[in-house]
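First to last, the protein sequences are chains C and B.
First residue of the first sequence: 10, per the numbering used here; consecutive thereafter.
First residue of the second sequence: 4, per the numbering used here; consecutive thereafter.
Hints may contain errors.
[Unchecked claim] Simulated restraints, written as ranges between beta carbons of each label pair:
#	chain 1	residue 1	chain 2	residue 2	range
1	B	L340	C	P294	38 to 44 Å
2	B	L164	C	H375	34 to 40 Å
3	B	F325	C	R236	21 to 27 Å
4	C	P294	B	I192	18 to 24 Å
5	C	D179	B	G50	52 to 58 Å
6	B	G191	C	A385	28 to 34 Å
Everything labelled a hint here was simulated from the structure, so no lab data went into it.
Here a beta-carbon is modelled for each residue, glycine too, at the ideal position from N, C-alpha and C.
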Amino acid sequence: MNDYSFMESTSEAFDQKRLSNRFGGDANRVIEKFDSARPVNTGGLGMMYRACTSRSAPRIAISVLAVLLLAFAMTGTAFAEGAAEATEEDPLDIYFFAGGPPGGPFATVVHNGARAAAEILGPRVNVRYLFSDWSPDEMVRQFQEAVAARPDGIAVMGHPGVDALEPFVDEAVEAGIIVTSQNVTLPQLQARYGERGFGYVGQELYESGYMLGEAAVQRSGIQSGERALVWGLRRLPERGQRTIGAVDALEDAGVEVDYIEISEEVDADASAGIPVFVGYAEANPDVRLVITDHGALTATIPSYFEAAGFDPGDVFGAGFDVSPTTLDGIREEYIGVVHSQQPFLQGFLPIFQIYLSARYGIAGLHIDTGVGLIDAENVEILAPLVEAGEAG
Amino acid sequence: MEKSHSESLAAAEKELENGPLKERLAKKLSEHRVQVAVIGAAVLVFGTFMVLSPAVFLRPRIYVAFLSTAPFFGIMALGLTLILVSKQIDLSFPSTMALGAFVSASIFAATDNLLLGMLGGMSVGAVVGVLNGILVTKVGIPSIIATLGMMFALRGAVHVLSDGMSISLTALSGAPLRNVFVGMSPIGIPAQSLWFIGIAVLLWFLLFRHKFGDHVLFTGDNESAAQMMGVNTDLTKTLVFVILGVLAAFAGVLDSLRMLRWFPTLGEGYLLMTFGAVFVGGTSMFGGAGTIFGTFIGTFLVGSLEAGVIAAGLAGFWTRLFVGVLILVAVTIHALLSRR
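Whole structure, please, built from the sequences with the hints as guidance.
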């Protein structure tokens, strides 16, 4: 609700000042003079009262009432339009890539972040959400379709890699569409179009992998020559850098690393990985450290360890991205440390990036969100947000 | 004594009728050649794994792991066998799995009553089966298209209803009723595998020892002939969709109980594995014939491949190749055996 009472008082004060300037002295006395000289004063209610007591009372009263209503309506409309001018703009049409699958723990937090930004910007933006099951092919197809729809902005994930997206990003920027990125970086395209709003919100993939690898080595106490498993997604063009970073950190510490690629079945349903892990653990009972480069697999570490006959603390579990189940794993001490890339920000900030670039010409910002490590020390601080789907 | 003598006489007469033991054995083998081929494949695959990774495949833990995870898609594979025998196809079961388990978890979250939740979830599975049946038999949409649409629609419904959020079932951790479904049984194998075996036996009786099974086989073999024989083929087809719907919801409940959390993506990784289990087991796509026993063995074959490949020290990239080759070999053997 708008409060216009201040305008009335301002107007009254202005009138008094103007009259004082013209006639000198106290404005109230001037007004009193006018009132005594003219039977009908400027007060609306007084005028109505006098009109109503005259012979042509009904007609005048109705006319005045009509004029007042019209004036009120026009004033109200004008105020409303004024207010609308202040808040309503042509909404920016934005296509946002949330990753996927829809409902996946990570994509849900990204999606919630973007929705929160859209909610704050209100009618200024119209955001459409795309889920791709993390499939690079699907992302390229969806990006092409988004460009064809000629929106104002597209916030894309870089999983397909620069080569796959380059021609379509070129086409989009030429068409005046602001393109920005999240979750997985597209460095060459960002360098080329940074001045036109192409930013990045997300972790530095290799550095995040290396950071978790280093943290896991330190906290697990694993020694040079001992065995560790990395279960990751090296096959994905850009995304695989995080897996490589984790492997490099372990190898730099002298750890003997076994690597397993996450199959598509396990990627979709982490419980399908139980026999895979048990098979590995039976063949390699001397494994001391396990890093899973996948949010759902990280959440399933307790089930993997239980099935393989490991008690909490027997093997150090580490992984990426926090879900409510991961919190339980940390509490039960099956999971020692988890890297958080703060996916909520990866949804929230790209929407603002596009809005700010479109309205104020802000260049692309590069924001590293992959700076968080979660363990038993700080798990309870994050728990309520994770349960609400606002952190991960 | 007298009686046993007469029995042996009867047996001898029968043997004379059927020919010598060797021939009878050959006849039996010929009758059950699909099952024999599946057992042969299982022996070959697990034998190879034992040679390549004796430390893994000569110890019990890996088999316990198979028994704890294979039932989730194996139970659906049993229902899918009936669908294929009736010459239909169903692609919607992974989504039914998610929806049924979602309803079950939601009811449990609201009432703290697991049995009521399971009943609700399986009822939803049955309703999905009825819808599939109506679309196929009354509207006349080919089952592959109807259930493809249903697969997307149900998955979408799950995401809309859950708002993409998972549902915690940690309140059931340690609950006796959970142990009945997914706990460790007193004989040392996971309870879900006992349910899997029980359902397999039940469906075997239903398919091969019950009138309904005859109707399913007749419908799949020759629908027009079945109708002339008085079989209500529309009802039969609808019922097999209902059976798969209920089983998919039940499998979803088991999976979410095992993980103590319902995930909106539940079931998405099981489509190919479930079809793989049925085809490797020896049930053909042409209808009118099928094998519950083959599906049962096929489930463990498909479910063990990735673990075997990894334990053998090969990269996970090999898994798909192995599954694909296994399915191709299985269907080729089946096609060759069918020709004879």
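Determine which of the earlier numbered hints do not hold for this structure and return their numbers in increasing order.
Structure breaks no hint.
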